[in-house]
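Just so you know, the sequences run in chain order A and B. Heads up: the first sequence at position 57 corresponds to 57 in my numbering, and the numbers run straight through without jumps. Heads up: the second sequence at position 147 corresponds to 147 in my numbering, and the numbers run straight through without jumps.
I should point out that these hints are in silico values taken from the structure, not numbers from a laboratory. Take these hints with a grain of salt, some might be off.
To be verified - Covered stretches of chain A, as calculated for chain B (at least 3 residues, CB under 8 angstroms):
id, region
1, 3-16
2, 238-244
Unchecked claim - Not close to chain B: a few residues of chain A, all C-beta gaps over 10 angstroms, as computed:
id, residue
3, GLU183
4, LYS184
5, ASP201
The beta carbon of each residue, even a glycine, is placed where N, CA and C say it ideally should be.
Residue strings, one per chain:
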Amino acid sequence: MNDFFGALELELRSARDRKPRRHVSAGTLVGTLAAALALAAALLVTFALRSGGSEPAEPAAGPRPDPVGTIIPKDKVPYESRALVVANGIAPITGPWQIELSRTKGERDTNGAVMWERGYCVTIRLLDPPNGRPGPSSGSCGAPRSLGFRKTPGFSRYQGAVVHPPPRKQEALVWGRVPDRAEKVVITAPDGLRIEVRPEDGPKTFPGRWYGIPVRVRGEHPGARINWLDKHGQPGSRGIRLMPPITR
Amino acid sequence: MSPAEIEELYRLHARRMAGYLMRVTRDAEVAADLTAETFAAALVSRGGYRAELGSPSTWLYGIAANKLSDWRRRGYAEDRARRRLQIERPPLSEADVAEFARLADEVTADALLEELPADQRAALRARVLDDRAYGEIAVAEGVSEAAVRQRVSRGLSSLRARIGGER
Chain A
1 MNDFFGALEL ELRSARDRKP RRHVSAGTLV GTLAAALALA AALLVTFALR
51 SGGSEPAEPA AGPRPDPVGT IIPKDKVPYE SRALVVANGI APITGPWQIE
101 LSRTKGERDT NGAVMWERGY CVTIRLLDPP NGRPGPSSGS CGAPRSLGFR
151 KTPGFSRYQG AVVHPPPRKQ EALVWGRVPD RAEKVVITAP DGLRIEVRPE
201 DGPKTFPGRW YGIPVRVRGE HPGARINWLD KHGQPGSRGI RLMPPITR
Chain B
1 MSPAEIEELY RLHARRMAGY LMRVTRDAEV AADLTAETFA AALVSRGGYR
51 AELGSPSTWL YGIAANKLSD WRRRGYAEDR ARRRLQIERP PLSEADVAEF
101 ARLADEVTAD ALLEELPADQ RAALRARVLD DRAYGEIAVA EGVSEAAVRQ
151 RVSRGLSSLR ARIGGER
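Working from the sequences, and respecting the hints, build out all of it.
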């Protein structure tokens, strides 16, 4: 049983159905920007004429995360079973997200070696990402012990990054599960980076606490790690290294 | 090459590839980065595979050799293909690190030979493992002695590149 290979296969499998990011030439970009600006100006004029220029615009009604504890039917999710929403949130750039738990019968490779064992899949789903590709973003499958539950409840870290279209703001969403006794989850780096959040309880039907930390990427933070702290402020583990683009 | 064929390649070669990269880099994190990047790059560039130039595994190991070369030059594993596909490199647990070390020990010369083109593999087996003369191999293969020497040379060169030795 191995977590890495199963998780990587899941990543590749979900990526094969996504279109790769397009490389846009500078000329095309300038043309598109000019067209977008012209369209925006036209819309502003139309809006001002219709509203008399005094009424505020209504906020956009985008998708919202399902409440924690929601059970999503199997035909609505790309998993082997129905899914349970164990955590959710809205990140500034990534948008609404939710962590979903589903069951798996396990998987073997063509040589019969176990890719991941019967157990659970934990996946984060982006509901309205700025790149326009909603769906499962990252996660892994395996026996409960392999998903950070090995010292029930355990500590796990996943990470995914989203790049906003121009002006290309970039945000990484670091998420995972922490022990019940975790008071805080903290990201630190030798350069002074420090982000603290309180983990949220999951649904009553499944044990554990969860966290999702949006990290705005403005530059690399070499040596950045994530850890959990107990009620005395003591680190609960040696921490887990973060990945690019947060660190290198 | 279809995405399904890439998936098949992954299932057949992911562990051996990881072991090979671990053997070369001696760093499980780097080996994991390079393994993920190699398969992501294979998925991105699958349209560029040409069967007449070699087997899928040869093509795959060629990608890995390029990624290794980049890693040696830059000092870090690039993540261009992963970023393009929005693939996250899964974190390594302690069990994963142990598994990478075990896989590195499993990579044998015989396993690496399997990744070579058939003509180079046959020539290397005959010359290096069976200690047969070039002339004898040439007669058996129905080619010139020079061709056999070239296959052995290219095969050894590929093996050196794969296990990290200098040319």
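Tested hints:
For the region 3-16 of chain A, the assignment as covered by chain B holds, since 11 residues bring a beta-carbon within under 8 angstroms of that chain's beta-carbons and 3 suffice. Judged by the Cβ-Cβ criterion of 8 angstroms, the region 238-244 of chain A is covered by chain B as claimed, because 4 of its residues qualify and three suffice. For GLU183 of chain A, the shortest C-beta to C-beta distance to chain B comes to about 22 angstroms, beyond the 10 angstroms cut-off, and the non-interface label holds. Non-interface call for LYS184 of chain A relative to chain B: holds, since the shortest CB-CB distance, roughly 20 angstroms, exceeds 10 angstroms.
Once the 10 angstroms rule is applied to beta carbons, ASP201 of chain A is consistent with being away from chain B; the minimum gap is 23 angstroms.
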